[in-house]
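Colleague: Starting from the given sequences, assemble the full structure and let the hints guide the process.
Protein sequences appear in the order of chains A and B. Note that the numbering used here has the first sequence beginning at 3, numbered continuously upward. Note that the numbering used here has the second sequence beginning at 3, numbered continuously upward.
A few of these clues could be false.
Here are the computed distance ranges between Cβ atoms for each label pair [stated by the list, open to error]: (1) 68(B) with 50(A): 40 to 50 Å; (2) 154(B) with 145(A): 36 to 46 Å; (3) 153(B) with 71(A): 21 to 31 Å; (4) 175(A) with 155(B): 40 to 50 Å; (5) 153(B) with 47(A): 46 to 56 Å; (6) 127(B) with 188(A): 50 to 60 Å; (7) 28(A) with 154(B): 32 to 42 Å; (8) 175(A) with 154(B): 40 to 50 Å; (9) 123(A) with 187(B): 20 to 30 Å; (10) 187(A) with 123(B): 15 to 25 Å; (11) 68(B) with 9(A): 15 to 25 Å; (12) 152(B) with 171(A): 16 to 26 Å.
Result set (BS3-like, lysine-lysine): computed pairs, CA atoms no more than 30 Å apart in a straight line [to be verified]: (13) 202(A) with 38(B); (14) 13(B) with 202(A); (15) 202(B) with 38(A).
If you want the ones that stay clear, here's a sample from chain B, every Cβ over 10 Å from chain A, calculated [stated by the list, open to error]: (16) 11; (17) 27; (18) 154.
Keep in mind that the hints were calculated from the coordinates and are not lab data. Every value quoted in this text rests on a predicted model; they were computed, and no experiment measured them. Note that CB positions come from ideal geometry on N, CA and C, so glycine has one too.
Protein chains: 2
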Amino acid sequence: MAISHDAHTVKQFDLQLANLRNLVLEMGGLVEDQIKRAIKALDEEDMTAAREVIARDRLINGMQVKIDEDCISLIALRQPVSSDLRTVMALFNTVSELERIGDGTKKVARMTIQIYDGVSSPPSARLLRDVTPMAELAAEMLHNGLDALVRLDVEKALHIIRSDDDLDQEFQSALRRLITYMMEDSRTIGHAINVIFIIKALERIGDHCKNIAEHIVYLVEGKNIQQRRNLDMSLATFAQEKQQEQQP
Amino acid sequence: MAISHDAHTVKQFDLQLANLRNLVLEMGGLVEDQIKRAIKALDEEDMTAAREVIARDRLINGMQVKIDEDCISLIALRQPVSSDLRTVMALFNTVSELERIGDGTKKVARMTIQIYDGVSSPPSARLLRDVTPMAELAAEMLHNGLDALVRLDVEKALHIIRSDDDLDQEFQSALRRLITYMMEDSRTIGHAINVIFIIKALERIGDHCKNIAEHIVYLVEGKNIQQRRNLDMSLATFAQEKQQEQQP
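Modeller: Right under this line is the structure:
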């Protein structure tokens, strides 16, 4: 009797965890769609589409609230331990990254409106040339991140972490080019600053994808790759500093 | 016998929760100190101090790992429910905001080095005039956030949420001024872009403080003030869209 009760509880937990994972993936799919819509709106100078991206962000925030609640309920009701608990906490963390990626797409849409809405002279194409490739890389990182989350694929997660270096380099090159354009022609400054905020938002989307990948590695390998590095050393240095401060 | 066991368990949980809260406050104190050090380094053009800020960020990341682990252990061992579980989850979320505020201070320090290190002509004072007031407001928001967390003070938390609007306005004014300077004198563009990244980092620190305040309100009032807004409406709109998409 005890065994069948336990088996029932385990099955219930697994079902609820599968539901939770599906919800996270659904939210991830929505966010991925938002990146694509935001960039399409920018490419096509489509203010209506940009406003839709901004409005749809509320939906993503709503999903975060729902999934956060589901995580808390699942922990409270099923009281998972060890790897099950870690899985729920990793999903809880992933949802918060997805919500921030959603914020990033909203920023891109807002900047699109600032660039085109009621402006007499739109920016020249060269100002925007780096945006689409960066957005494609960011969207690909998110797609791979969701895929790695489903399969708990550490190799894929590590690949995303490396991709983030590429995105950072693209950001730096794009920034240098934009600064050059501004110096050549000060009339481009207003538009260029808006483009800088767009590429900055894309670079941050990459950071959030990297964070998702790190949660996956942490979940599978049981260690935090980013933050364990040099931790002991830092703590030792800090203790030393404290001691020195306390000396007369 | 059962009662004394329960009382013992409750006391153990309360003790561990108090320890957890103290650790979060200690981490918050460190982060607050980092903001102040980063701005002092910028004011005094002190590259050594800026490099120290960057190095100390590892310590903050290390504390996040430790506290995250403590949260997970506390949930696994004590299996808290209802408001106790919500408190642990709110601390778990707060730590993630603090870590991101730490990242922001690291960015300010990095930009300080870019602005002053090995540069023949440092920026004029007017380029940097908005930085210190913005940093002071951001540091005050964090200080109040930690205070509101200790006292579970909803009034103070709501005050922080309002302060974030002030910081956003300061950011917008500072940005307009910087664009004007760049247009007046294109030689200031390089420095001005670095200052824009600094004020952007400060504006984001404000966002994270607002998030901490929202976690406090959520914890005390049991509702998510930011994200519940219009959620039902958004979900209804989304359902409608889905339906329309499926129609031939």
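Colleague: Which hints from the list above does the structure break, by number from lowest to highest?
Modeller: Violated hints: 6, 11, 12 and 14; rest satisfied.
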